[in-house]
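S.K.: Sequence:
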Amino acid sequence: MSGKESMMDASRRKDSPMSVIKEFDGDSYEESLSKDDRSSHGYSSGILPALGAHSTHRIKLRPYIVSPLDTRYRAWQTFLNVLVFYTAWVSPFEFGFSIGRDGGVLSITDNVVNGFFAIDIILTFFVAYLDKGTFLMVDDHKKIALRYTRTWLIPDVVSTIPYQLAHIIISSSLVYGILSMARLWRLRRVSAMFRRLEKDTNYSYMLVRILKLTCVVLFATHFAGCFFYYIADTYPDPTNTWIGSVNENFHDEPLWDRYVTSIYWSIVTVTTTGYGDLHPVNTKEMIFDIFFMLFNLFMDSYLIGNMTTLIVEATSKTRIFRDTIRGASSFAKRNQLPPRLGDQMLSHLSLRYRADSEGLQQHEILDVLPKAIRSSILHYLFYALVDKVYLFQGISNDLLFQLVTEMRAEYFPPKEDIILQNEAPTELYILVNGAVEYISHRNAMEWVVGEGKSGDVCGEIGVLCYRPQLFTVRTKRLSQLLRLNRTSFLNILQANVGDATIIMNNLLQHLKEHKDPMMHDIYRDTEQMLGHGRMDLPLSICFAAAREDDLLMHHLLRRGSDPNEPDSNGRNALHIAASKGSLECVVLLLDYGANPNTRDSEGNVPLWEAILGKHEAVIKTLIENGAKLSSGDVGQFACYAAEQNNIDLLKEIIKYGGDITKCSSLGTTALHTAISEENIEVVKFLIKQGADIDKPDAHRWTPRALTEYQGHEEIKALFRTIKKSDQPGASPPSSTMPEAPNYLKKHSSESSMPSRDSMERTQDSGKMEYYTSDSRSQASDYRNSLAGIITASYRQSEGGTAGLPTHFDHTKPQSRARVFITCSGKSDLEGQAVFLPGSLQELLELGSQIFGFHPTKVLNTDGALIEDFEVIRDDDHLVLAS
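Here the numbering used here is used: position 521 in the sequence shown is 533, and no number is missing along the way.
Just so you know, these hints were derived from the structure itself, not from any lab.
Check each hint, because a few of them may be wrong.
[Claimed, not checked] Within a straight-line C-alpha distance of at most 27 Å, the following computed DSSO-like cross-link-like pairs (lysine-lysine) qualify:
#1 LYS400 with LYS329
#2 LYS345 with LYS400
#3 LYS383 with LYS427
#4 LYS700 with LYS667
#5 LYS728 with LYS632
#6 LYS663 with LYS696
#7 LYS72 with LYS154
#8 LYS155 with LYS144
#9 LYS465 with LYS427
#10 LYS728 with LYS696
#11 LYS144 with LYS211
#12 LYS707 with LYS696
#13 LYS663 with LYS640
#14 LYS674 with LYS700
#15 LYS667 with LYS640
[Unchecked claim] The following label-pair restraints were derived from C-beta to C-beta distances:
#16 ILE316 with ARG489: 31 to 37 Å
#17 ASP880 with SER642: 58 to 64 Å
#18 LYS465 with MET218: 41 to 47 Å
#19 LYS632 with LYS696: 42 to 48 Å
#20 PRO167 with THR327: 18 to 24 Å
Don't be surprised by glycine CBs; every beta carbon is placed ideally from N, CA and C.
Construct all of the structure, not just a fragment, from the sequences and the given hints.
M.R.: If you want it as structure tokens, here you go:
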């Protein structure tokens with residue numbers, strides 16, 4: 013081989029190393045199936061990439077080389093298999109009964125069949141093969157030809173020679189018969205075909221095996237009958253033969269009668285039923301019969317062994333089941349078990365057999381699948397059910413997905429105990445379907461204390477509180493349950509502290525609301541265990557603050573918990589403790605370095621939370637530790653007080669250093685809010701504190717203009733007594749005003765800034781609602797996982813979603829865009845940021861009011877004309893021109 017060819021061959025090995033999924037039997041290309049030839053439930057692809065292969069693509073063969081896995085080549089091989097069955101019948105028949113030598117229809121058919129096999133010989137020189145040493149597909153013409161020449165070329169050519177031509181050249185009938193029988197060499201193809209069918213799940217394995225055994229018996233019978241007749245036909249003395257001794261003129265009988273007689277003798281011999289009137293007479297016949305009987309001995313053993321195996325496989329499950337049931341019954345009697353316990357054993361074994369016989373071996377099937385497929389199946393089957401379990405309400409989607417993946421579905425027959433009272437807590441169960449009873453054993457009596465239905469959870473108290481199981485859980489009827497191991501459960505929660513807090517809070521709330529006195533005792537015991545840190549469940553510092561549990565908080569802080577750890581809303585433990593007035597928790601957090609001026613996502617600070625709750629001791633402690641109300645959104649605080657018509661709260665804001673005239677983060681002031689709510693006393697108080705009635709807010713509305721727009725006569729009368737400010741930028745009332753901002757359209761009963769305390773807990777209800785939201789929003793799906801923490805920090809560093817184009821619905825005030833406008837010929841410093849009105853015409857009118865000229869068109873910074881209002885987006889820079 014040349015150096016260039018060697019390099020090309022090495023390159024092909026590197027790019028596409030392949031291995032065979034099962035044993036490759038020489039020329040039997042049927043042994044490996046291509047992906048194209050694979051049925052939906054058939055045997056998988058015949059070739060797999062080798063370990064460490066860099067490519068899993070098919071090999072690109074050289075020109076004029078056929079892949080043995082090509083669909084068309086496979087169809088050609090299937091067609092040849094059909095011709096093999098014809099050859100298996102006609103070759104012994106023509107040999108035994110000396111027909112087809114002198115032409116005729118049978119001779120013509122034989123030559124046509126030989127022609128197809130001759131074409132296959134030529135085609136084989138162009139078919140790539142798989143090297144069994146390197147498991148590489150060889151497509152070199154020289155190697156293919158050399159390999160075929162050294163192996164099966166000569167037998168294939170001999171089996172394809174037209175034997176009529178050979179009979180003309182060699183007149184010997186024996187040579188003619190041998191050449192005719194040489195065609196049986198093609199039977200090797202049938203063996204490979206049956207091996208492939210046995211692996212194809214589209215066909216019954218038992219039927220394929222029976223068909224194969226039947227073909228073996230029929231061929232052996234047909235071959236022996238034809239050969240035995242050939243001995244009688246060529247014997248010198250016809251009367252001294254097995255058939256001549258019965259009918260001396262058997263040559264004159266019709267061909268069909270002679271063939272049936274021969275097959276009859278062969279069947280009697282194969283089945284070993286003995287001989288009647290047909291039996292060997294001369295020495296040749298006896299010698300043949302001896303070898304045929306020995307062959308029958310092995311063939312009968314082969315048939316009996318295969319049939320026995322098939323029958324045993326079909327009945328083995330039933331036999332094993334009966335033996336198991338018999339053994340279980342014997343075990344129960346020998347050990348004098350109670351009848352109920354013995355019945356549970358038998359019911360469980362019967363249910364297991366029923367599941368296996370109906371194809372419900374879910375554990376065996378799921379265990380052999382990759383984790384991704386197994387997780388997808390469990391998620392599809394059980395996610396919706398687990399999502400409704402009270403214990404998992406409010407947790408993130410990623411944790412719920414992890415929990416579902418670790419669950420295992422099991423069937424339980426009626427009256428079977430799932431959990432025993434006082435046993436160690438190792439499993440948690442969720443009822444998928446069926447029903448269970450909760451049974452308490454008291455004074456040697458059983459008392460049914462409750463019943464569970466689909467979606468209920470049992471064993472959770474023992475698992476989470478780590479105490480002996482409270483009740484015996486027994487099925488009422490056939491039930492399916494999901495089982496979750498305690499160790500796996502806690503391992504998952506260790507990486508999701510926030511969700512673990514939610515789960516624990518759900519459990520405590522469930523215990524607290526339960527009417528059973530025993531549940532209240534467990535609730536108190538669990539609280540004590542939490543306080544002393546004797547819980548395996550990971551808990552957050554916010555959970556301790558919500559429960560005002562300074563002992564638990566102290567334990568968590570000593571263990572290294574971050575005192576400034578925020579929840580999903582940016583609210584930390586100091587916010588929660590201040591809102592609840594828990595002085596002990598506040599002092600403890602400050603001692604461990606909690607920041608007293610931390611803002612949450614709504615601008616609230618701990619001092620504001622304490623002011624809302626009127627917790628004087630907490631307020632004093634926070635101020636002594638450097639808390640400042642100005643660290644929060646003071647404008648929003650003042651707006652809330654104005655909305656509530658609470659002058660005392662406004663005075664509190666002033667007392668602790670807050671400026672009640674400032675704009676809030678939403679762009680409005682307390683005076684605007686008081687006007688929209690018609691709180692005249694608050695308006696008077698704000699004016700006395702220096703609020704400017706001509707100072708515009710972020711929406712360019714002045715209090716005076718707002719009063720005119722909403723028609724508050726009493727407030728307008730008040731404003732008329734005040735001298736109008738000449739402050740630049742104040743807009744006088746106009747008949748063509750921009751659309752009122754959304755916050756100015758509220759009714760007096762609406763709240764623009766509800767307190768955090770009022771949102772998350774009800775003071776007089778006694779219910780703790782912290783971390784118990786039933787909604788699971790998409791935005792907070794992963795907030796408590798490691799990925800969620802990384803994502804949150806990334807968004808915070810990148811400024812949220814800034815830079816992404818945002819489309820706005822201009823018909824909804826709450827989604828109005830903000831744009832920067834300037835007029836033609838002026839610099840950006842002379843422009844102004846405004847909220848986008850409802851149309852291009854309104855935008856032009858707004859520009860006329862701001863810049864003092866009448867624009868007629870809107871351009872972008874590149875000078876392109878904007879004709880469609882819908883193309884304007886948030887933060888666009890617009891130029892007004894005439």
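S.K.: Each hint needs a verdict: does it hold in this structure or not?
M.R.: Each hint, compared with the structure:
no., hint, in the structure
1, LYS400 with LYS329, "39 Å, violated"
2, LYS345 with LYS400, "44 Å, violated"
3, LYS383 with LYS427, "34 Å, violated"
4, LYS700 with LYS667, "15 Å, holds"
5, LYS728 with LYS632, "41 Å, violated"
6, LYS663 with LYS696, "13 Å, holds"
7, LYS72 with LYS154, "18 Å, holds"
8, LYS155 with LYS144, "14 Å, holds"
9, LYS465 with LYS427, "15 Å, holds"
10, LYS728 with LYS696, "12 Å, holds"
11, LYS144 with LYS211, "21 Å, holds"
12, LYS707 with LYS696, "16 Å, holds"
13, LYS663 with LYS640, "16 Å, holds"
14, LYS674 with LYS700, "15 Å, holds"
15, LYS667 with LYS640, "11 Å, holds"
16, ILE316 with ARG489: 31 to 37 Å, "47 Å, violated"
17, ASP880 with SER642: 58 to 64 Å, "45 Å, violated"
18, LYS465 with MET218: 41 to 47 Å, "44 Å, holds"
19, LYS632 with LYS696: 42 to 48 Å, "31 Å, violated"
20, PRO167 with THR327: 18 to 24 Å, "43 Å, violated"
In this structure, the hints that do not hold are numbers 1, 2, 3, 5, 16, 17, 19, 20, in rising order.
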